[in-house]
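So the protein lines, in turn, are chains A and B. Mapped onto my numbering, the consecutive letters of the first sequence carry residue numbers 1 to 116. Mapped onto my numbering, the consecutive letters of the second sequence carry residue numbers 1 to 116.
Note that these hints are calculated values from the structure, not bench results. Misleading hints may appear alongside valid ones.
Claimed, not checked - The calculated BS3-like cross-link candidates involving lysine-lysine, where the alpha carbons are at most 27 angstroms apart (straight line), are: (1) B:K3 with A:K41; (2) B:K70 with A:K20; (3) A:K103 with B:K70; (4) A:K20 with A:K41; (5) B:K115 with A:K103; (6) B:K115 with B:K16; (7) A:K14 with A:K41; (8) B:K115 with B:K3; (9) B:K70 with B:K3; (10) A:K41 with A:K55; (11) A:K103 with B:K73; (12) A:K55 with A:K103; (13) A:K66 with A:K55; (14) A:K20 with A:K64; (15) A:K103 with B:K3; (16) A:K20 with A:K55; (17) A:K14 with A:K64; (18) A:K14 with A:K66; (19) A:K64 with B:K3; (20) A:K66 with A:K41; (21) A:K103 with A:K66.
Unchecked claim - Coverage of chain B stretches by chain A, computed from C-beta distances (three or more under 8 angstroms per stretch; other residues unrestricted): (22) 12–26; (23) 80–87; (24) 107–113.
All C-beta atoms in this analysis are idealised placements derived from N, C-alpha and C, irrespective of residue type, glycine included.
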Amino acid sequence: GAVVSQHPSRVICKSGTSVKIECRSLDFQATTMFWYRQFPKQSLMLMATSNEGSKATYEQGVEKDKFLINHASLTLSTLTVTSAHPEDSSFYICSASGESGRKTQYFGPGTRLLVL
Amino acid sequence: AQKITQTQPGMFVQEKEAVTLDCTYDTSDPSYGLFWYKQPSSGEMIFLIYQGSYDQQNATEGRYSLNFQKARKSANLVISASQLGDSAMYFCAMREGHNAGNMLTFGGGTRLMVKP
Numbered sequence: 001g002a003v004v005s006q007h008p009s010r011v012i013c014k015s016g017t018s019v020k021i022e023c024r025s026l027d028f029q030a031t032t033m034f035w036y037r038q039f040p041k042q043s044l045m046l047m048a049t050s051n052e053g054s055k056a057t058y059e060q061g062v063e064k065d066k067f068l069i070n071h072a073s074l075t076l077s078t079l080t081v082t083s084a085h086p087e088d089s090s091f092y093i094c095s096a097s098g099e100s101g102r103k104t105q106y107f108g109p110g111t112r113l114l115v116l
Numbered sequence: 001a002q003k004i005t006q007t008q009p010g011m012f013v014q015e016k017e018a019v020t021l022d023c024t025y026d027t028s029d030p031s032y033g034l035f036w037y038k039q040p041s042s043g044e045m046i047f048l049i050y051q052g053s054y055d056q057q058n059a060t061e062g063r064y065s066l067n068f069q070k071a072r073k074s075a076n077l078v079i080s081a082s083q084l085g086d087s088a089m090y091f092c093a094m095r096e097g098h099n100a101g102n103m104l105t106f107g108g109g110t111r112l113m114v115k116p
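Using the sequences and the hints given, assemble the complete structure.
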């Protein structure tokens, strides 16, 4: 299947700082990328959908000014958690779909964020 | 209203036996896709199997098969000959429409534990 990478895999930061997470589709052009958040022992919750070259569409309850999403190219989307707080600590996982992802989205390996 | 329901928070199965993980869904869209993903403790989401709403036959992928009962709106995952490595969280998901750029909605997940 197609390969999606995420960087970093783990990050620990201080409260009030910003953290950027990158999601890359390595072997296909991802016209759409999705960002999910998963708290321990819970399911994946969609945060936002981004299409290359346009503004992201955020799910209800997700602050667009806090979770900045950029999808500037067909292979890269970034999620920036601005002014992070301990309650933002979570597992963030991206997925990508495109020409070669007709049936499924391909998921990145995820990023564990811990805000102290 | 819940679109995807997984009623089994946890399941045990003896190694080498078969196990069925339940999933029911709710949609008024005649065109949809159903997915199962495996999430081991590492956090990555591994795509297992896909069933389209118009597919005439139940999907199979190796030891995985999907028991698709359209009238009952159920899409249970059957894992045959369970292995210790099958121990993980399993998520059922639905995409309304067949566009790969449409969002996935996930169920709450089932934790499968395979006993030696």
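Status of each hint after checking the structure:
Distance restraint check for B:K3 and A:K41: the Cα-Cα separation of roughly 19 angstroms lies within the 27 angstroms cut-off, and the hinted pair is therefore satisfied. Restraint check: the Cα-Cα separation between B:K70 and A:K20 comes to about 42 angstroms, which exceeds 27 angstroms; the hinted pair is violated. Between A:K103 and B:K70 the alpha-carbon distance is near 19 angstroms, which keeps this suggested pair within the 27 angstroms criterion. Using a Cα cut-off of 27 angstroms, the hinted pair A:K20 and A:K41 holds, with the two alpha carbons roughly 24 angstroms apart.
Restraint check for B:K115 and A:K103: the C-alpha separation of about 33 angstroms exceeds 27 angstroms, so the hint is violated. The straight-line distance between the Cα atoms of B:K115 and B:K16 is roughly 9 angstroms, inside the 27 angstroms bound, and the hint therefore holds. Between A:K14 and A:K41 the alpha-carbon distance is near 24 angstroms, which keeps this suggested pair within the 27 angstroms criterion. At most 27 angstroms may separate the alpha-carbon atoms for a hinted pair to count; B:K115 and B:K3 exceed this at roughly 31 angstroms.
Proximity of B:K70 to B:K3 is assessed by CA-CA distance (about 15 angstroms); at most 27 angstroms being required, the pair is judged to hold. Distance hint between A:K41 and A:K55 is unfulfilled; the C-alpha atoms sit about 31 angstroms from each other, more than 27 angstroms. Proximity of A:K103 to B:K73 is assessed by CA-CA distance (about 20 angstroms); at most 27 angstroms being required, the pair is judged to hold. The hinted pair formed by A:K55 and A:K103 meets the criterion: a straight-line CA distance of about 24 angstroms does not exceed 27 angstroms.
Taking the CA atoms of A:K66 and A:K55, the gap is about 15 angstroms. The hint holds against a cut of 27 angstroms. Under the criterion of a C-alpha separation no larger than 27 angstroms, the hint pairing A:K20 with A:K64 is consistent with the structure, at around 14 angstroms. Between the alpha carbons of A:K103 and B:K3 the distance comes to roughly 19 angstroms, so the proposed pair stays at or under 27 angstroms and holds. With a C-alpha separation of about 17 angstroms, the suggested pairing of A:K20 with A:K55 holds against the 27 angstroms cut-off.
Restraint check for A:K14 and A:K64: satisfied, since their Cα atoms lie roughly 21 angstroms apart, inside the 27 angstroms limit. Straight-line distance between C-alpha atoms of A:K14 and A:K66 comes to about 16 angstroms, which keeps the hinted pair within the 27 angstroms bound. Restraint check for A:K64 and B:K3: the C-alpha separation of about 25 angstroms stays at or below 27 angstroms, so the hint holds. With a C-alpha separation of about 24 angstroms, the suggested pair A:K66 and A:K41 falls inside the 27 angstroms cut-off, and the hint holds.
With a C-alpha separation of about 31 angstroms, the suggested pairing of A:K103 with A:K66 is violated against the 27 angstroms cut-off. Taking a C-beta to C-beta cut-off of 8 angstroms, the region 12–26 of chain B contributes 0 residues in contact with chain A, too few for the three needed, and the coverage statement is violated. With 0 residues carrying a beta carbon less than 8 angstroms from a beta carbon of chain A, the region 80–87 of chain B misses the three-residue requirement, and the given coverage is violated. Here's how the region 107–113 of chain B fares: 3 of its residues keep a CB closer than 8 angstroms to some CB of chain A, so the rule of at least three is met and the hint holds.
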